[in-house]
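Full structure from sequences and hints, please.
Residue strings, one per chain:
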Amino acid sequence: MQELALVEAREHLGANYWRLRLRAPGIAERARPGQFLHLRVGSWSLAGRPDALCAEPPSRARFLLLRRPFCLHRRRGEAIEVAFRVVGPGTRWLRDRRPGDALDVMGPLGRGFRLEPPPPRPLAVAGGGGIAGLFPLLELPGAELLFGANSLREVPWRLLEEVRAPWRLALWERGEDPVRLLEERLEPGVEVFACGPPAMLRRVTEACRRAGVRAQLLLEEMIGCGRGGCRGCAVRTREGYVLLCQEGPVMEAERLAWS
Amino acid sequence: MELGPLRLRNPLVLAAGTWPLENPPRAPVGAMITKTITARPREGNPPPRLLETPAGLMNSIGLENPGVDAFVERYLPRLRGGEALLLVSVGGEDPAEYAEVARALGDRPGIAGLELNLSCPNVRDGALWGSDPSRAARAVRAVRAVSGLPLLAKLPPDAPALPEVAEACLEAGADGLSLVNAFPAMAICLERRRPVFSRGGALSGPAIRPLALLRVWQVCRHLRRRGRPLAVLGGGGVAEGRDVLEFILAGASAVSLGTVTLYDPQAPQRILGELRELLGERPLRSLVGGALT
Numbered sequence: 000m001q002e003l004a005l006v007e008a009r010e011h012l013g014a015n016y017w018r019l020r021l022r023a024p025g026i027a028e029r030a031r032p033g034q035f036l037h038l039r040v041g042s043w044s045l046a047g048r049p050d051a052l053c054a055e056p057p058s059r060a061r062f063l064l065l066r067r068p069f070c071l072h073r074r075r076g077e078a079i080e081v082a083f084r085v086v087g088p089g090t091r092w093l094r095d096r097r098p099g100d101a102l103d104v105m106g107p108l109g110r111g112f113r114l115e116p117p118p119p120r121p122l123a124v125a126g127g128g129g130i131a132g133l134f135p136l137l138e139l140p141g142a143e144l145l146f147g148a149n150s151l152r153e154v155p156w157r158l159l160e161e162v163r164a165p166w167r168l169a170l171w172e173r174g175e176d177p178v179r180l181l182e183e184r185l186e187p188g189v190e191v192f193a194c195g196p197p198a199m200l201r202r203v204t205e206a207c208r209r210a211g212v213r214a215q216l217l218l219e220e221m222i223g224c225g226r227g228g229c230r231g232c233a234v235r236t237r238e239g240y241v242l243l244c245q246e247g248p249v250m251e252a253e254r255l256a257w258s
Numbered sequence: 000m001e002l003g004p005l006r007l008r009n010p011l012v013l014a015a016g017t018w019p020l021e022n023p024p025r026a027p028v029g030a031m032i033t034k035t036i037t038a039r040p041r042e043g044n045p046p047p048r049l050l051e052t053p054a055g056l057m058n059s060i061g062l063e064n065p066g067v068d069a070f071v072e073r074y075l076p077r078l079r080g081g082e083a084l085l086l087v088s089v090g091g092e093d094p095a096e097y098a099e100v101a102r103a104l105g106d107r108p109g110i111a112g113l114e115l116n117l118s119c120p121n122v123r124d125g126a127l128w129g130s131d132p133s134r135a136a137r138a139v140r141a142v143r144a145v146s147g148l149p150l151l152a153k154l155p156p157d158a159p160a161l162p163e164v165a166e167a168c169l170e171a172g173a174d175g176l177s178l179v180n181a182f183p184a185m186a187i188c189l190e191r192r193r194p195v196f197s198r199g200g201a202l203s204g205p206a207i208r209p210l211a212l213l214r215v216w217q218v219c220r221h222l223r224r225r226g227r228p229l230a231v232l233g234g235g236g237v238a239e240g241r242d243v244l245e246f247i248l249a250g251a252s253a254v255s256l257g258t259v260t261l262y263d264p265q266a267p268q269r270i271l272g273e274l275r276e277l278l279g280e281r282p283l284r285s286l287v288g289g290a291l292t
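Top to bottom, those sequences are chains A and B.
Numbering that gives the first Met the number 0 puts the first residue of the first sequence at 0, with every later residue one more than the last.
Numbering that gives the first Met the number 0 puts the first residue of the second sequence at 0, with every later residue one more than the last.
The hints are all genuine.
The following label-pair restraints were derived from C-beta to C-beta distances:
#1 B/Met-185 - A/Asp-176: 34 to 42 Å
#2 A/Arg-167 - B/Glu-82: 55 to 63 Å
#3 B/Arg-39 - A/Glu-253: 25 to 33 Å
#4 A/Ala-198 - B/Thr-52: 20 to 28 Å
#5 B/Gly-81 - A/Glu-115: 34 to 42 Å
#6 A/Arg-254 - B/Arg-198: 21 to 29 Å
#7 A/Arg-75 - B/Pro-159: 54 to 62 Å
#8 A/Arg-75 - B/Arg-241: 37 to 45 Å
#9 A/Ala-198 - B/Asp-68: 35 to 43 Å
#10 A/His-11 - B/Asp-68: 51 to 59 Å
Derived from the structure by calculation, the hints contain no laboratory data.
Each residue gets a CB set at the ideal place from its N, CA and C atoms; glycine is no exception.
This is how it looks when you write it as structure tokens:
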């Protein structure tokens, strides 16, 4: 569904991570962990802001065309939260939103994490911005987080402070590797949930396969329409191409074919 | 609006490759064109298949489609019966394949017409079927020989003599034209020092609108000078009501919406509203080709 969501809050989570809380009752009711929201971004006006600088209707996004996908970060009653790293013009624009702005949001899209039956020992492995979509899993009993970042400067400390589950940090600049930490923890009963750069996900997949442990990967790929029409978000699996916006963005690691 | 032998309830058309066959949208448009269907199923290109550019979108989907047999058996039944006319986009590597697809589609109920995708490259030399008049005519003739359905020839935008290609298609039996396909384009990945799209990309979206509009205008002016009636579905970067009017004035009698529906699913409704505001009481029909000098 499509909703005009009111920005309720904007928070800086540390490093270049930000979080927006958006009031969107219809989407909030339906969204499940691992599903994504599809947001319009760009230099168009924001309904409801009396001091808006440019009063152009939302249709006229001139430069930034595609909606940006963000996985559900947290649900707070009738509001949903998205968390993101500022990496380009779209996220930069989002970071500049203020309470009272209205965002055009579509969602929830895709299939989320398979959590039935509930995993007894969910082990989340996040590389950089991947932590945003894995966040809901950290509230599950028995959850643990392994978080990989390049350096101390790139760690969202405010966000980690909110994590009640035990967590370990692995910093590349110190020669630490979240996949190595993962390997030390793989044993029967553990289920892995990972989100991060492709190279990391590939190694997570291999480690889990060796240990006979199930892994669900939250994948990121360019998303076009988000509705199965343009076929732009295809990823390669053993059975051929599969659309992330339809069968993903969460995929069983074993299904994927790596080039 | 009249587009050759087709009667559309309004001038808007959903472009090929922009909506899912599995889940056709119920949009207030005059017609909907399917993803290009080939004789055999095609799985499409490896990712990445999309790249946003300023005011544009590059794609390299690779004609992913279920193949004509699966299309007829599994998808067509669910596509029939909508209020918008259904056109099927036909693709092929050679005239024989174009004809094979057209023949397999036959005269199934529910198909109002065919759009011939002449941006397909031919296997031997890689040139697009719509790149010159005689090649384009061969493809059109092959389809005409096996199908009596209304036929629009969709042309690639950078054929050197596009008006001549267009006329050759009409001579060969096409009922109208669809102008234009997305523009071949390039992006290079700085990290890998290679093209982003190993199999070639094409640009669509607002950035191409002035380029597409010129081609519609050039073809329509040429056809008018030759005394031919105008039956053109125009498009490329249309995002608002005012854009639709530009293409109508350039000679199109229907206008396709593609990239805009990816990010604004309400685009058809919105654009109809914008058109109504711009036109007031004037019938759109009276404006077709109004800017052709």
